[in-house]
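Novice: Starting from the known structure of chain U, arrange chain H on it as the hints suggest.
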Amino acid sequence: AQSVTQPDIHITVSEGASLELRCNYSYGATPYLFWYVQSPGQGLQLLLKYFSGDTLVQGIKGFEAEFKRSQSSFNLRKPSVHWSDAAEYFCAVGGGSGGGADGLTFGKGTHLIIQP
Amino acid sequence: GAVVSQHPSRVICKSGTSVKIECRSLDFQATTMFWYRQFPKQSLMLMATSNEGSKATYEQGVEKDKFLINHASLTLSTLTVTSAHPEDSSFYICSARAPAPEPFFGPGTRLTVL
Numbered sequence: 012a013q014s015v016t017q018p019d020i021h022i023t024v025s026e027g028a029s030l031e032l033r034c035n036y037s038y039g040a041t042p043y044l045f046w047y048v049q050s051p052g053q054g055l056q057l058l059l060k061y062f063s064g065d066t067l068v069q070g071i072k073g074f075e076a077e078f079k080r081s082q083s084s085f086n087l088r089k090p091s092v093h094w095s096d097a098a099e100y101f102c103a104v105g106g107g108s109g110g111g112a113d114g115l116t117f118g119k120g121t122h123l124i125i126q127p
Numbered sequence: 247g248a249v250v251s252q253h254p255s256r257v258i259c260k261s262g263t264s265v266k267i268e269c270r271s272l273d274f275q276a277t278t279m280f281w282y283r284q285f286p287k288q289s290l291m292l293m294a295t296s297n298e299g300s301k302a303t304y305e306q307g308v309e310k311d312k313f314l315i316n317h318a319s320l321t322l323s324t325l326t327v328t329s330a331h332p333e334d335s336s337f338y339i340c341s342a343r344a345p346a347p348e349p350f351f352g353p354g355t356r357l358t359v360l
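Those sequence lines, one after another, are chains U and H.
For the first sequence, the positions run 12 to 127 when the working numbering is used.
For the second sequence, the positions run 247 to 360 when the working numbering is used.
Hints are computed from structural coordinates only; laboratory data are not their basis.
All C-beta atoms, glycine included, are put in the ideal place defined by N, C-alpha and C.
A portion of the hints provided could be inaccurate.
Cβ-to-Cβ under 10 angstroms is the rule here; a few derived chain H residues that face chain U [claimed, not checked]:
1. Phe-274
2. Thr-278
3. Trp-281
4. Gln-288
5. Leu-290
6. Met-291
7. Ala-294
8. Glu-305
9. Phe-337
10. Glu-348
11. Pro-349
12. Phe-350
13. Gly-354
Isolated chain U, as found in the complex (with noise of 0.2 angstroms):
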């Protein structure tokens, strides 16, 4: 069974800071990785993706996450961040193998607080 571990439930950082929050799964075969932004009685949002090739990838709002296939983590990082990007935030893996059919497992979120 896929799993998704999000180790911190809350991370407080300084505005301008820099961030990474961290993210490892479990899947047995090739994953689809997502991390979402959710605010408040809001939905998602996606803020990056991957599925294959540069382990690196950009997503919006300036951030990147790192797919690393031999700790089984994608970690998403910022380099400066901005009171606006206090929110909650997920990691989630899909069904790479089963080409995308499954759902998408979540995992328990970040709680990101930025202090002025």
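Specialist: The following block gives chain H in isolation, referenced to the frame of chain U:
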């Protein structure tokens, strides 16, 4: 492109009534649609997978007689919560998948059962 809508965005109902939530892919045909549930301050959990013209596949622990899913066309899937109770209050989110592997999410429907 790749827009998914949900209707209604919010619904409040009395305990024991049924509620229908629609999920539409507006500019593409969705071979598969997924329904997720998100309780407050929790993550999204996949409830069921539906393919057009066939019965939905439910995840373990999801009551198929309580959460009726109909995927009548390539652009519309509906989730009906039958005999809703306060514990069914949640944020319900659908996603739709075209031939490409990336799913596109709807904005969600917040259900409150009194």
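Novice: Now tell me, hint by hint, if it's right for this structure.
Specialist: Now the hints, each set against the structure:
{"no.": "1", "hint": "Phe-274", "in the structure": "14 angstroms, violated"}
{"no.": "2", "hint": "Thr-278", "in the structure": "6 angstroms, holds"}
{"no.": "3", "hint": "Trp-281", "in the structure": "9 angstroms, holds"}
{"no.": "4", "hint": "Gln-288", "in the structure": "7 angstroms, holds"}
{"no.": "5", "hint": "Leu-290", "in the structure": "5 angstroms, holds"}
{"no.": "6", "hint": "Met-291", "in the structure": "8 angstroms, holds"}
{"no.": "7", "hint": "Ala-294", "in the structure": "8 angstroms, holds"}
{"no.": "8", "hint": "Glu-305", "in the structure": "8 angstroms, holds"}
{"no.": "9", "hint": "Phe-337", "in the structure": "8 angstroms, holds"}
{"no.": "10", "hint": "Glu-348", "in the structure": "6 angstroms, holds"}
{"no.": "11", "hint": "Pro-349", "in the structure": "7 angstroms, holds"}
{"no.": "12", "hint": "Phe-350", "in the structure": "8 angstroms, holds"}
{"no.": "13", "hint": "Gly-354", "in the structure": "4 angstroms, holds"}
Hint 1 from the earlier list is the only one contradicted by this structure; the remaining hints agree with it.
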